[in-house]
Each structure stands twice: as C-alpha cells, then as structure tokens.
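There are 8 protein chains.
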Amino acid sequence: MDLKKLLEDVKNNNLDVEDALEKLKDLPYEDLGYAHIDHHRSLRNGYPEVIYCKGKSDEHVLGIIDKMNKKNTNILGTRCRKETFEKIAKIYPNAEYEELSQVLKIKNEEIKEEGKGKILIITGGTSDIPVADEAYYTAKFFGNKVERLYDVGVAGIHRLLNNRKVIEEARVIVAVAGMEGALPSVLGGLVRVPVIAVPTSIGYGANFDGLAPLLTMLNSCASGISVVNIDNGFGAGYLASIINKLK
Amino acid sequence: MDLKKLLEDVKNNNLDVEDALEKLKDLPYEDLGYAHIDHHRSLRNGYPEVIYCKGKSDEHVLGIIDKMNKKNTNILGTRCRKETFEKIAKIYPNAEYEELSQVLKIKNEEIKEEGKGKILIITGGTSDIPVADEAYYTAKFFGNKVERLYDVGVAGIHRLLNNRKVIEEARVIVAVAGMEGALPSVLGGLVRVPVIAVPTSIGYGANFDGLAPLLTMLNSCASGISVVNIDNGFGAGYLASIINKLK
Amino acid sequence: MDLKKLLEDVKNNNLDVEDALEKLKDLPYEDLGYAHIDHHRSLRNGYPEVIYCKGKSDEHVLGIIDKMNKKNTNILGTRCRKETFEKIAKIYPNAEYEELSQVLKIKNEEIKEEGKGKILIITGGTSDIPVADEAYYTAKFFGNKVERLYDVGVAGIHRLLNNRKVIEEARVIVAVAGMEGALPSVLGGLVRVPVIAVPTSIGYGANFDGLAPLLTMLNSCASGISVVNIDNGFGAGYLASIINKLK
Amino acid sequence: MDLKKLLEDVKNNNLDVEDALEKLKDLPYEDLGYAHIDHHRSLRNGYPEVIYCKGKSDEHVLGIIDKMNKKNTNILGTRCRKETFEKIAKIYPNAEYEELSQVLKIKNEEIKEEGKGKILIITGGTSDIPVADEAYYTAKFFGNKVERLYDVGVAGIHRLLNNRKVIEEARVIVAVAGMEGALPSVLGGLVRVPVIAVPTSIGYGANFDGLAPLLTMLNSCASGISVVNIDNGFGAGYLASIINKLK
Amino acid sequence: MDLKKLLEDVKNNNLDVEDALEKLKDLPYEDLGYAHIDHHRSLRNGYPEVIYCKGKSDEHVLGIIDKMNKKNTNILGTRCRKETFEKIAKIYPNAEYEELSQVLKIKNEEIKEEGKGKILIITGGTSDIPVADEAYYTAKFFGNKVERLYDVGVAGIHRLLNNRKVIEEARVIVAVAGMEGALPSVLGGLVRVPVIAVPTSIGYGANFDGLAPLLTMLNSCASGISVVNIDNGFGAGYLASIINKLK
Amino acid sequence: MDLKKLLEDVKNNNLDVEDALEKLKDLPYEDLGYAHIDHHRSLRNGYPEVIYCKGKSDEHVLGIIDKMNKKNTNILGTRCRKETFEKIAKIYPNAEYEELSQVLKIKNEEIKEEGKGKILIITGGTSDIPVADEAYYTAKFFGNKVERLYDVGVAGIHRLLNNRKVIEEARVIVAVAGMEGALPSVLGGLVRVPVIAVPTSIGYGANFDGLAPLLTMLNSCASGISVVNIDNGFGAGYLASIINKLK
Amino acid sequence: MDLKKLLEDVKNNNLDVEDALEKLKDLPYEDLGYAHIDHHRSLRNGYPEVIYCKGKSDEHVLGIIDKMNKKNTNILGTRCRKETFEKIAKIYPNAEYEELSQVLKIKNEEIKEEGKGKILIITGGTSDIPVADEAYYTAKFFGNKVERLYDVGVAGIHRLLNNRKVIEEARVIVAVAGMEGALPSVLGGLVRVPVIAVPTSIGYGANFDGLAPLLTMLNSCASGISVVNIDNGFGAGYLASIINKLK
Amino acid sequence: MDLKKLLEDVKNNNLDVEDALEKLKDLPYEDLGYAHIDHHRSLRNGYPEVIYCKGKSDEHVLGIIDKMNKKNTNILGTRCRKETFEKIAKIYPNAEYEELSQVLKIKNEEIKEEGKGKILIITGGTSDIPVADEAYYTAKFFGNKVERLYDVGVAGIHRLLNNRKVIEEARVIVAVAGMEGALPSVLGGLVRVPVIAVPTSIGYGANFDGLAPLLTMLNSCASGISVVNIDNGFGAGYLASIINKLK
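Protein chains in written order, with the numbering used here: chain A, 289 to 535; chain B, 289 to 535; chain C, 289 to 535; chain D, 289 to 535; chain E, 289 to 535; chain F, 289 to 535; chain G, 289 to 535; chain H, 289 to 535.
To be clear, the hints were calculated from the coordinates, so they are not data collected in a lab.
Note that this is a predicted model, so its numbers are computed, not measured.
Cβ atoms here follow ideal geometry from the backbone N, Cα and C, with glycine treated the same way.
Take the hints with a grain of salt, since some may be wrong.
[What the hints assert, rightly or not] Some chain B residues flagged as far from chain H (calculated, every beta-carbon gap over 10 Å):
| hint | residue |
| --- | --- |
| 1 | E306 |
| 2 | K344 |
| 3 | D354 |
| 4 | N360 |
| 5 | N451 |
[As the list claims (entries may be wrong)] In silico lysine-lysine, DSS-like type, Cα no more than 30 Å apart, as pairs:
| hint | chain 1 | residue 1 | chain 2 | residue 2 |
| --- | --- | --- | --- | --- |
| 6 | H | K406 | G | K433 |
| 7 | D | K375 | D | K359 |
| 8 | D | K535 | C | K406 |
If we strip away everything but chain A, and leave its shape as in the complex, we get (with noise of 0.2 Å):
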C-alpha cells in the first residue's frame, strides 16, 4: 500500500476521510473464520502461502486451497497425509505428491530458477531421507537448483571427504541428521559457505526424540552453522532459498 499516494488522494479529495480510514485497514488478509489468508505475503515476501496440514481438518485444509487457488498462486503442502492429498487430487488433478516428505505441490505457474547457486542438500543415515527431501523439495518449489548427497555421516568420514567436490560447489548447505548429530561440525570446518543444520528424531535411546543431535548442532565447535528445529526440513529449505537468492 502506498501510504503518500493515499494521502495525497485524501488531500486532492479524490478520497474522503472515512473511505481513506477503512483503507487503512483494508490489508490484503482473507479471513475463513479459522485461517488469515495472506494473499499478498507472496507480494512482501516473494513466496506463495504455504500449508502446514498437520493438525488441520481435510475440510480446513480444502478450504485454503480452494481461497489460494483462485489466486492463482503456486501452492505448497508440508506434512500432508496421503489421504488428505487423496481428497485435493480428487479436485486439483494437477496436484503432485511426494510420499516419502508427505509434501503436496499444486502448480498454477511455471517456477523460475531465481537462486543464484546450488543447494546441497546433505544427511548423515538414510533415516534422516523424509526430512531431507521435504527440504529439497521446498527448495525446488520456490525456484532453485537443488542437489541431494545422502548417507554420508562422520562414522565413515571418507564417505564424506570423497564428496569434497560436490560439497565444496553449493552455494548453500543443509546438514540433516540424527543420532549425534555431528555432520555440521565436519561440514563448518570443510566449507566456507553456510550450513543450515536440521536435526532430526532418528535415533536409540537418550536421542529424546532429536534433542541430542538439537544440542550437538547448536554447541557446534565450527562456525558459520546455525540451526532449524527438530525434523524442519521446510524451515531449511526456506531458509536456503532466502540466502541462494540473495543479490
């Protein structure tokens, strides 16, 4: 909204005080009773809406869809069942899914590859793969080229060295792993690009359903880590996609 022009149409009387006061607060938000729509978060934010289906009903779920559909927006799905996808497909035959990462893509426009590098997206057991891939898809879906290396974690660090290459070409790193977790750590001293650590509930005992590898990752010895939250392979792959387009 362009608060001069407004102002200058209330001064100029192209706009009365009380029209120039509702529009004010006439912000682009839909409202459904249950759910703000943020019709123009991909105006401000550069990216379409997007769906954390867990814990939402099909109904709840359908009903945002079918708002951002009508704009025509790009639309992902994180955490999505394979029944509730069932039902969107019934509707939108152009709807995709990705069963492993439970993500749901709807394509309404061709995505433009906007990131200026690559994304690797690394994990460290072949546990951590439905995490991984919810972030290399988000990734993909918001317009980047996108890598995937799995199973390389630091118990056989020579699975890791002899991916130097690969490793050393990404723009941008996203490190899943569980158990302990130590990937980044090899990876931050390897690299001289940021890595996004995710860690996930894989693992025995005193895992505590990821708090171990969260603990390890934040107390990373090497620099240039930061951290998501247990499991978040969207957040990561947001993330990502932020710092690969940055100009």
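Take the given structure of chain A and dock chains B, C, D, E, F, G and H to it, following the hints.
This is chains B, C, D, E, F, G and H only, laid out in the frame that chain A set:
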C-alpha cells in the same frame, strides 16, 4: 595443496616418493602441544583464526597470539577477560578491547570491506547488548557494514515498527533476545532476508539460563529464521558475515 | 453455613449440642464412593460443578451427571469423548456437544449474562482452535459475551494490528498459541486489560509438547500477562469469566 | 495519536502531506542508543515506565531515570541493588528504597487510589517475603489498597483457615509460595476472585530453582488460578493492579 | 541359613567340607533361565514373591506362577493385563482379578491380619483410583486392615477436613494424587503418622507424566512425608504394610 | 480445642455467642508479621517447632527463637550458619551447634527416649556425612536411639554385607547416598523394615545436583523404600522418628 | 589402499596421473542413492556391515542386503521387524531370526571364534532380556564365546553373589538393567575386567524412558564402568567383542 | 580370604567356631568412622585405593592418607585442591602434584609397566586439557604407556586425519571433548580399538554443563564407543588401564 601438481612432479621425477608422502602429511598446522593453530584457515575459509579465550590460561592465550602474530594476520579474541587483555596490550600495543562485549582485536593488516550489503544487529532489550556487541564487532572485523538497533522488543511493538526502514535495508539480520525471545518471529514476518536468532541468558526464573528464548526461536512459526547457541554473539556475527559475502 | 445463627440456635435451645456437632460436619458434599460432588459449589463460587471427563469411565461420568442433574443445575463437561457424549445424549436429550473442543453442555436453567464486558479469545494459528474453543464455550456457558479472533499469530504482525479495534474493546483477553507462543507478549504491549496466556502442544520437534510456548509466556517481558497450563482452555475461560464478573 | 483528526487536518490543508507522513512515524519513543524509553506508555497503559535494573549498568539506570524524571512521572525500579540506589539517592533526594524487596520508588506526583477493591498478598513461608513485598510495593505504587498475610502455608492449614475473613474480603489475591507451592490450589477452592500464583525459588534440592512450585501451580486442580514467572513479584503486582482497576 | 549351626556341624563331622561349601552356595533361588525365583523371600521378608507382569510375556508369567504355586504360597501380580489373567484363570481357578487396578491374586493360604493399626488410602481425584486401588489390594493381601477415602483433593479443602475423624484413626496414610499433588502436604500438617505420597501421571499438559506432582511431594514443607515412584501403588501399599506391621 | 465443651458452654450460658465466635478463631498461632509460630504444634504433632534457618535473616531467626523460648519448649534449627549460631549463643548460653551438619539445638527440657527401636543412619560415602548427620541429630533430638554406619556404598559390597548385624537390628533405616544412589536398593533387599532414602547432591557431572540418585531411588526395584527430597536430612530424621514412635 | 604403491606406479609410469587421481577418489563405497554401503569396512574394522533396520523401508533394507550379499560377507540386522524378516527369508533361505531381540542373521561364511576370553551378559530383571539378547547375538555373531546370566538384580543381592564364579571367569561383562540400574555399580566392585553398562527403558513412572538407569550408570562410584545408549544392546555387544579380541 | 582353608581349619580343630565366625566378618576394611578404607582392594582389583578429594575436609584426606601410607601402597588423589596438596607435602615429601588436572601422587613403590599396548588421550580443544590430563596421569600411575594428542577437534578435520598414524597405533583411545562432543564418533569410524568417550562441561550456553556432549557421545552412530561421566577423566583413565592390561 594442489594434488595434481604433486602427482605430476612425482611423475616427472621432480619429487621423489618419500618426499611426496611427506608432503601429503605436511599440512599447515602448527602444533603447540596444547593447541593446533591452523594458519591456512584464512586461506581455506577466508578468515583469520579466532581465539575463544574463556577456559584457556593467559599463558596459552599469549602463546597462541605469538604464533599467529608472526604470520601477520588479523586476530580476534572473544570472551577475553580484562586482565588478560591488559597482559596482551603490554606486548602488542596495537591491541584493542571492547569492554562490554569482551572482544579483543589485533589488526595487523587493513580490514577490507567485502560484504555486499548491510548487516543489522537488533536486540529486544538493554541487557542483551553484551551479546549483541560481540556479534557487531565480529561482523565488522570480518569486513562488513554493520548497523545497530537496540532495545526494540516485541512488548512495545511500535518501537520495532517505527524502525521498519532500517530493518528493510539490511541484507542479513542478527536478532538478539533474552526473556521470551519473540523478536525473531516478528522480524521473520516483516522481511525477506535471513534472520539469525541469538537467545541470551537474560531473564527472570523460568528463563532457565536461556533455554526459554532458545526454544522460542527454534519453534518460530515465521520462516527464514535459524538459531545459534545461547549467548553466541560471535557465531551469529561470523555467520552473518559469511552470508553477506556470498557472491 | 451461618455459624453465628447456629451458635444462637444452640444458645436458645433451638438446636441441641449433638445436632449442632452433626451440622458442623454435615457439609453439602455427596459421596459416590468414587467421587465427592460439591453441590454447594455453585453457591460458594457462583458456578455449577464441572466434570473433567478424561480418565473417568463412562459409568463414573454418567453417575456424576445423574446426581448433579437432580439438583437441576447447569452441567459443563470438558474433554468428553464423542462416544461418551452419545451415551449421555440418550439419557439427557437436552445435552449438547461441541465436537472440535469436546465440550459437553447440559442446560437445565437459563444462562444469565453476568459479565461486565466482553471476553476476546485469540489464537496464533488454526491448529490452536480446539483449545481456544474450549475456552470460548466455557466462558459463554458461565454467562459472558465472548468473541473469537483466530489465526492472527505474530509471524504476520499485520493480521494482528489490523484487528486492533476488536482487541481494544475486550475487558479480558485469552491468548492461545502453540509453536513459539509469542502472541501474548505482543498483545500485552497493546492493551491495558488482563491477558490470560494458554500455551498449546501444537508444533514441530523442540516444542516438547507445549513446553516451548509455556516458557515463552512465563518469560514474557510485557506486563499484565499470566499463564495457565498447556492446552488448558477450560481454565482460561473460567478465569476470564471470574475476572469479567468482578464488580 | 488521533488518526482521524490527522486525516481531517490533511484534508483541510491544516497539515501538509510531508508533515503528516512525518507525524505518522513520530511516535513518542526517546532513543538513548542503549534504551528506548516509552514516555507515552503511561498514556497508553495508564502506568509509568518501570525500570528492571538487574543486568543494567548504574550509568544506564541513571541515564534512563534522568530522561523519565524530566517528564515528571512517577518511577518504579525493581531488582535495584543497594549500591545503585545510593547513587540515585544522591541525585534524587525524594527517592525511596525497600531493602528486602529491592524496590526503588521516585514519586514526582501524588499516587491516586484507583483500584476498586483490595488486593491481598499471601505467602506460604517467611522466606517468600522478598518476592511478596515486590508485589506489594508495586501494587501500592500503582494506586491500590493492598494488604499482606504472610507465612500461612498449607502444611499448617489452620493458619490459613483462621484468616478466611481477610481472604474473603479481597478482590484479587496474589499467592506467593516456594517449596511445593500448594498454597494457590487451596486458596482457589476457598474464594471466587482471581488468584495470581507466584512460584519462588525457595526450597531444598528438587525444588530446582522454582521449577517444582511452578509446575504445581500450573497443574492446580482448583480454578481461577493463573501463574507468572518464578520470583516475578513485580509481574504479579502489576497484573493484580490491572484487574483491580477494571471498571 | 544358620551359619553357626553349619560351622558346628563341620566341626563335629556331621557335615564334610565339600558339602558345607555346597550348602553355602545353595541358597533357595530357583533358576528358570529367564528368571530367578526367590522362594525364601517370604521367609526373609515376611511376604510372598510378587510378579510385576508388565513387560513379561504371558509364557514367562505362567512359568513363574507355576513354580511359585508348587510352594503353595500366596501370589500377587501387578500390572496384569486382562488377557493374561484370563489365561491364568483357566489353569488356576482360584485366581482373582481387580480390573481397574489390574491386580491379580492367587490365595493358596489364609491371609492373616498382622498389621497393628489401620492403613488409609486417600486420593485427590477420581482419576487417581486405579493407582490407589493397587495400593489398597496390595496392603490387604499382605494382611492389613485398609480403608479408602477417594476424591478429597485440596481444591475443595472441606471435603478433606470433613473426614478428619477417619484420617486421624489411621496408623499409616497412603496419599495418591495427580494434577498438582498437594494432598500429602495438607495431610502432613494434620496428622502425626507417616504419610506415603504417590504421584500419579494424571493431568493436563505441564503435568509431564507425573513429574509435577512428584516434585510437589518431594518439596513438601510438611514433615512426615516420603515419596514413591509415579503411579507406584504397589510400592506404597507394600511399604505401608511394612510400617503397619512394625512391632 | 474441645468443640463439644465449647458448644455446651454456649448452651449453658457459660459463654456468650460473640466470645464463642472469637474463641473459634483464637487458635494458638502467634503472628510475628513475618512468621506464624505454631506453639501448639508440639501438642498436635508431639514435636517442638523446627526452624529452617536458610533464607531467613538473623533478626527473623532470633525473633522466632525468642517467642518459642518463652514457651520453654526444645528448639531445633537446621541449615543454621555458624555466624547465626554465634549470635544465638550469646543470648541463649545453652544453645549447642553441630558444625558439619549445621544443626542448632536449644534444650529447655529433658529429651525423653520414646522410640520403640533403633534408627540406623547409613551413608554410601564420606561426602554424604553432612546430610546424614542432619538426620542423625534430628532423630536423636526427637527422642530416639540412633546409630551411624558411614561409607559403606555398593561399589564395595562387602563393606555393607560385613555389617549385616547392625543393619538387621534397626527398626527404621535412613540411607543417604549421592553419586548413583544405589545403596537403598541393596538395603531394601536385605531387611524387612522401612528404608527412607535420601539422595544427596554429591557427585561428578551428570549427577545434576542430586537428580541422578533421586531418580535411582524412586525407581528402586526393591520394596519398602520411599524417598525424601535431595539433601533433606532433617525430613528423613523426622520421618524415621515418627515411624519409630508408632505404637 | 596402498598410497606408497600408487605413488611408485605413477613414478614408474605404470599409472598415469588422471588414473591416479581417479583411484584416489575411488574408495570402496557403493552408492545406492539412499545409502552408502561400505564394503571395505570389514577390512578396515574386521567386521561385516551391520544394518540398523528401524526407520528404513523394507525396500531399502532389501536393497542394502542385496548389495552386501554379493560380496558374500556375513550380515547382521538389528531392530528388524518380523514382517521385514519374512520378506527377507523368501529371498535368502539361510536367513535366521531371533524374535525376542529382533536380530536378523545371514551367514555366508563360517564364523571363526576370535575372542580371547568369555563375554558375560547379565541382566537385572526378566524384562531386560530383549536388549540383553541383542548384545548376546551380536557378540556371538562376531566370533566370541558368550554366556548369559539373567534376572540377578541388586534388590536380591544373593542372586548375584551366588553366581560369583561365572562372573569372575568373564573377560568382559555387559550389564543390562532398567529400573534404577544399580547392577553395574555392584559388579564394578566385584571384578577387575571392563563392565559395559546398558540402561534399558524398562520401569515405572520416573524411569523417564531409561533416563534414570542411564544417570545411575554414568554416576557409578565403582570404577571400570562405561555406558552405552539406552536399549543399545548392539553397541554393547559390538564393543565387548572389540575388547575381547584385543591381542 | 580362602573359605575352603578356613573350613578345613575348623574341621581339624585348628580354628574354633567363634574365631571362625569372627574371621568371616573380619574382612580387611579399616573403619575410620568417617571412611572405610579398603586395603585389600589392591589385592582384589590390582590397583591401590584412590582418594576422591572433593567434598572431603583436609583432615579427612590426611587421615585416609595416613592409614594408606602405613601399608606402603601407592596413592592417587583426584580433584585435590592446591591448598590440600601443600598440607600433604609437608608430611609426605615424596608427594607430587599436577596443577592443571589437580592430581596428587604419592609413590611408595616402583610403578611397573603392565599394559600390553599404548593408551592415547585425545582432546577436541585446548580447554579440555584439565580433564584429559586427569586421565593421562591416572593411566600412567597404574602402569601404562600413555600418549597425548590435544586440540584436534572435528571442526578442522585435517588436524585429526593428519595424525592417523599415532591414532592407529593405540590399543585403547580416550577421547575427551566438550562443545558438541563429536570427536569420538569420527574416531570410532577410523579405528578398531575401544574408544572411551569423556564429555566435558566446556562450552557456550546450550552445552548445559556437559549435557550436550554427553548426549552426542551416547548417540554416536559409530560403534566401539562407550561413555563415562561428564569431566570424569579419572574414570576414563582407570577403565583404559583395565582394558590395556587384559591378557
């Protein structure tokens, strides 16, 4: 080390096998017994070595500085007690000290400004300043334009909103907050650049030495946010610098 | 019980000692073996007895309702599973049920509006609605004007600020939020009425079943805020009602 | 700020556009570099600015007081060390100090009694008094009738029950308790007014710096209770004042 | 085993050295491979062996009962699932089962009443009954007079105070409470007998599976209270029995 | 207070209503403002009042002793700093002090031995002695035969087993242990008397201020064990005394 | 890989530079996309690759086995669900399965006994057997003599002491215990061989999923003890094997 | 003690029953009242008694040394403050002290080298040295060849990889690390000998006094690793010695 060159030298008999073997092991670490100084780190990572002074005896700190100084690199010390600084200053008259944030600086060469944009350091309250200043001096030391905006916490949301211009100009934001740590969440919704969140150990009872704002920041429902360790101003400043220098 | 009256009756021989002793013990609790129903609580506290259904067998719930219903008071049940409600509805055709929030209502007498102002229930997100609705139906059942404003979390601060009018009209605010739980802090800075904060167990990994927003709310640097237990919509609605009825 | 008035002034050419734009940004915050003082907070919230002294240097505290004092408002400082007070008293001879609770008071105008009823501050033990007194002096400073009832914890339930009259007269109760923190639960069953529970960090081993009474109070099975942070006497006194002034 | 007698037998050549050595090792444990049954425990400790059924396969439970039953002792099983009981009942027709508390009883000999006084089992709420009943049936099975007083929590303090007579008659009290767990503190101030506190995992959010009442009880400022594990009704009933049988 | 007598006095006009009302409130608490002393507690509970000195100012401690001393009861102080004792000793020459355990004793009347058996205080290590001695002096002060057996932890199981005779003679055992806190479990298997377990905050890193032995003791698979708070020697000695005096 | 040989080959022109470069990268990892199999690990570490099946899809597990099996090594799978095993057994008829401990074994070559002594697996209770058996089958699979001694916890210390002979014969001991986890402490005092402690998640309330025995074991005051993760039978069996094979 | 011999002596009338009984109790513990010294521990466990000095008064430490010294064994003291050492040195001129690690050594007999291989002590950083040195001096004192490799943490992985030769020569490795504690995981993948992991309490905020590296190490996905308590250098050195002496 150029592996191809080395192999060609061997092939061309410019280097014999034993020497080649030796060279492969001869990486530029200097072993002081109590510390391995990584002189090539500036080469590999684009930055000078940093000394985390806490928990090291003054003798160790001085010994490390001595070795570094011979290479004529710039030296940054964090968590440096005033007494330690005073011993250092007697030997290195060009040493500088920031008392509030306990930052030590020895500049042996000009700091070149290499960052592409501006880094903004924001705090929720006055008590967060020591941590925020550690981030500030770190980012400046590594060649960035850095600005400060202090005491604009969410309990008085207007203080923050009134500064939207300076906020929107930043290329990277470091948000430092104790108490409930909600500042990064609000910032994350206002901008489209990376927000590095730093929880501080400032606060009443159930702050639990920074655990409360740490959890708040990890759980932020805004996107584009990642978190470093409690009170880790250096880590935030360093990461901000890496991001700001991305080409 | 009027102690003075009782003593005068003893003095005047309208009541003999043994009967007086008996009366002093004869408080209006009804003992079902597995539960003590407090029929005079409505008298003492101005409210009907409330049944927390979770963890009670259907037989116990029905037994408690049976006793209460004979006194013709209004009955509120929380955390009432749908199967339990269906058994209840067969016996008490006037029973009503709110499915999302699992609230049971049996109205045996008109609900009088006794609150002096309006209670506002706000949520940060869509997933917080079940807890928020428990507060909503509780506050309404106890005779208050209640309004709802849902999905206005701090990550999109404009959604909140655009609703300042409805916020400023409230006499008591119940702020329900999961994830990082920063909503009450921002509200606390905007209004001069009590804000009752309700953390919910909604969120990714390090939410730790509501611990994260709980700590956030306890550590709020805004004033005028107090906190109830995680997911405790009933407690918040009840307290809001008490405050709203203060003369 | 009256937005409608401003727009009308623009319309009527009493205010030109640039000045209006400026005014819209010119909110009454005063920027000291290290702190933003909110002089209009008393206007917006009905209360003077409060200084939380802990973690601020004496220079910062004095600087903040200096700015405030020029507005002639009343000033309340909490967690003010005795040494800090002594420096303040030299400059502001009307400064007063409560040693046990570390409360600082500078009265520049008469305190008007605006509360509608009486606030009662209760403690479980003698050791809870410093926290309770912080609540007491806060509530009094903001214009309320306040009474104290100390050392009436539940381990000697008669001490509490013998004081039912004073308890029942209160319009708001602040219940301060360490150890197991059961006092608010018993109070909640006795009265029909809001009970603000304050856990304190007083106690043996598994008290864990106030965690034990904090959890007790959050889990109270009595209704009408809400909780503030551990040792947060100020927060409780402030909230009690807000509730007591509700019309 | 009478060591003196054994040594005298050796001396008097009534027992040769090898047999004595053997006897010294031949303690009355029966080794089933997966379990060591301690048949003499009833001798040493005055009680039959007890089977904690949870986490054992039905085959293991039946195997243990089989061995025990041959010694004709009484057998108590705790946390016994209904399906397990039904298998047992087919083989041991005298087996009895308490469904709510999952207690299994096989009486092969008369239970003699050996306790000196009365044990009282009290609960704060209705939901605590399964744990309380485990204590109740345990104490009865080991030969004690036991009484129950349920749903008399501190939020309605009169329910408790109205039952002072039955409370004062007890020689040992078992106080079972979830939620905030304040019941034992109030009891501890009313009586001069031991109070065994049992926290239960009943409650809303920040109960944290019984951690809240556990901490409350450990921190009780009343004396004469000690605590057993969360939901450990058996442990409380067993300890109450030991105390009640003290001569 | 004899309620029946009072009512009869009212009936017989030996007491008028107002005086009776007054008497009903006139319970024998003495209100010092900062403390309610319960002079009749010795009557109700068979014990003198105990002063927990920690967290009370010397003035408060002296004030409480002054009031108590006038009733000529025996007085026990715990966690009494040496400096406080020295002030006390100047006024009350019969005051005694145990330095290691910080126990204060003022004997105004003969201590009668009322316990039926012997209480045994056992520690796992030498460092647990201060807590164990608090239990020892408490139990002796309340009229019991008490014996000590120190430094017999389970890592050298023979030290414990070699003392079986003294262990088996006890009527109540107080087992004090830090580190891993396994002592009570082994004791619980050896005896058939109540074992009161006291975790101490002694130990290396993951002891977490006593949390480790606390959890060990709560989870003991031996029966007949209950637990008091970390370092709570007084609570254990007091409870042991109550049990030992049971008739 | 023999680096010296490679360099000599380059020198002697038996290998050209590009091929040498290639070889230096060509380490024997096989990349399946979702997993990196380390075929040379048996070479480097003396053991076959182990599959941690939990959290991997059946397709992934089968894919990994397929690659491994082609190398004809022995294969051990842990946490393998029965349904997964059944799919495996259809393809690999020599696959074996231990149901209680969920261990999968495919033997493609004879297991040679290489351990120097005997490994003893001890449990505190019957419920710890699944974890203990995972250690047992692991240690056997890697070529060790292994013995089992189950259900000899410290609450009946004689069960343990009666088995001192078998305990003293072991070269390495794996001690598995839930509940309070005191078994390793007592063992540590009895033997002079390494004791590997495994906490299990078996137990009542405050066991907190194995946290209680974990802390107990870490805090053991006996020496010669170290700890692996909660329920990590495999890790204990593997480490015991490494120690037992030390020459 | 030779039980068979004793029994034969009884049989042959070389020992009468009372004396035999006495002997059976007369195990070689010396009771100082505040401590039980186990002189035969060196016999049973192959090592001298060790004194954990922290938490013991100087008098107690001296008393224990006095008794031990009379047996002419070697004595090791850990966590010995310098002041305590100075008192000891006055009495025992052969006492030695390591200041950084607070280790006390009194050598009354030659230390024989009995270990079969070499023990390697590695640290992640310079600040971990005090803990590492405690392990170093312990292992040396018990008769082992020990080497040190300090400041080779995973954030500069080359520092570690460049030292592979010394790493591969070790028979047992003690890996000491604070911060994120990832060092043992990387080591575990490089060697086939036991790795004893020691978390230290070194680090920024969310290290939580060593909890972070403790959890990291417990959750290590490398095998052959076990963990001792936070900062427990002694325990690691002692266990390393036991393993290194295995025949």
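Going down the list of hints, with the structure as the test:
1. With 10 Å as the threshold on Cβ separation, the claim that B:E306 sits away from chain H holds: the shortest Cβ distance comes to roughly 15 Å.
2. For B:K344, the non-interface assignment is contradicted: its Cβ lies about 6 Å from the closest Cβ of chain H, within the 10 Å cut-off.
3. No Cβ of chain H approaches the Cβ of B:D354 within 10 Å, the least distance being about 15 Å, so the stated non-interface status holds.
4. No Cβ of chain H approaches the Cβ of B:N360 within 10 Å, the least distance being about 21 Å, so the stated non-interface status holds.
5. With a minimum CB-CB distance of about 27 Å to chain H, B:N451 clears the 10 Å threshold, and the non-interface call stands.
6. With a C-alpha separation of about 26 Å, the suggested pair H:K406 and G:K433 falls inside the 30 Å cut-off, and the hint holds.
7. Between the alpha carbons of D:K375 and D:K359 the distance comes to roughly 21 Å, so the proposed pair stays at or under 30 Å and holds.
8. Taking the CA atoms of D:K535 and C:K406, the gap is near 12 Å; set against the 30 Å cutoff, the hint holds.
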